[in-house]
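For the sequence shown, the working numbering gives the first residue as 2, with consecutive numbering after it.
For the record, the hints were derived by calculation from the structure and aren't laboratory data. All C-beta atoms in this analysis are idealised placements derived from N, C-alpha and C, irrespective of residue type, glycine included. A couple of the hints might just be wrong.
Pairwise CB distance ranges, derived in the manner of DEER restraints [unchecked claim]:
1) A194 <-> R118: 20 to 26 Å
2) Y188 <-> V40: 39 to 45 Å
3) A194 <-> L27: 37 to 43 Å
4) S82 <-> F175: 35 to 41 Å
5) S193 <-> P22: 41 to 47 Å
6) G195 <-> R138: 25 to 31 Å
7) N103 <-> P22: 32 to 38 Å
8) D191 <-> P221: 31 to 37 Å
9) K198 <-> L19: 37 to 43 Å
10) L19 <-> L136: 24 to 30 Å
11) K49 <-> V107: 27 to 33 Å
12) L19 <-> A194: 41 to 47 Å
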Amino acid sequence: MSALAKSQPVHSEIVPWLYWPLASSLRVGMPLYFSEIKVTGQEYLPQKGAVVLAPKHFSRWDPLLVSTLYREPLHYMTMLSQFKGVQGWVISRVGAFPVNVNRPQVSSLKYAVELLREGQKLVIFPEGGVVRDQLLRPLKTGLARLVLQVEADKPDLSIPIVPIALSYEPNSVFRAKVRMRICPPLYSSDYSAGDEKSTGSKLTAVLEQNLRAALAEISPS
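Using the sequences and the hints given, assemble the complete structure.
This is the structure:
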């Protein structure tokens, strides 16, 4: 979270007349688009309070698939480049807010902190962007450090980080098979390393390890 850029106001919203019809359409449409969607580990999804979902990011389908895991709206930290034209107008009204992954703004991070303090569920792709192969890239530490910041401000709060592996066979194309593996949640208190920076690095390493293991289990051989 260093080298933060000059801030501009950041926000997202959930517009009911837009969000709920889209959510219903996705639940009906995605099983028709893909030949199979298999989700395992749903028992690991915390239902109450703040949660950070940390999926592998292979395709533009990923956030849509993740959105079906909960009946309530999710919030998404989304690359700034996606907020253009009609697409930008829509996603900013269904829970997405922008972040410049190369020069993150203070306002983007503050908004993410605010969402977690309010008990919202936040989706952050820890690779920092779409990686169009089945390999996991080294994860950025920003996700872990964000959680640690919230917990430092509210010591009674323990935010679960849920790794989610996604795989498409043969690719994220029409009639592909989708595999989604939800891993047990991680808690920063289990990986305390003395100071915030060291704890963040350790927590990120464990998150990466869990995602790699889950991807190896569900990826096409």
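So does K198 sit 37 to 43 Å from L19, Cβ to Cβ? Holds, since K198 and L19 (Cβ atoms, about 40 Å apart) stay within the stated range.
Is it true that S193 and P22 lie within 41 to 47 Å of each other by Cβ? Distance hint for S193, P22 holds at roughly 44 Å.
Could you check the hint for me, namely that Y188 and V40 are 39 to 45 Å apart, CB to CB? 23 Å, violated
Range first: 32 to 38 Å. Now tell me if the beta carbons of N103 and P22 are that far apart. Given range 32 to 38 Å: holds, Cβ gap about 34 Å.
Assessment of proposed distance window 41 to 47 Å (beta carbons of L19, A194): 43 Å, holds
So the hint says 25 to 31 Å: do the beta-carbon atoms of G195 and R138 match that? 27 Å, holds
Within 31 to 37 Å or not, the Cβ separation of D191 and P221? For D191 and P221 the Cβ distance comes to about 32 Å; the hint holds.
With 20 to 26 Å as the target window, see if A194 and R118 comply at their CB atoms. Between A194 and R118, where Cβ atoms are some 24 Å apart, the hint holds.
Is the distance from the Cβ of S82 to the Cβ of F175 consistent with 35 to 41 Å? Given a distance of about 25 Å, which is not inside 35 to 41 Å, the answer is violated.
In this structure, is the beta-carbon distance linking A194 and L27 contained in 37 to 43 Å? Holds: the Cβ-Cβ distance is about 40 Å, inside 37 to 43 Å.
CB-CB spacing for L136 and L19 relative to the 24 to 30 Å hint: 35 Å, violated
Range hint 27 to 33 Å (beta carbons of K49 and V107) holds or violated: With a Cβ separation near 29 Å, K49 and V107 satisfy 27 to 33 Å, so the hint holds.
When each numbered hint is compared with the structure, violations occur for hints 2, 4 and 10.
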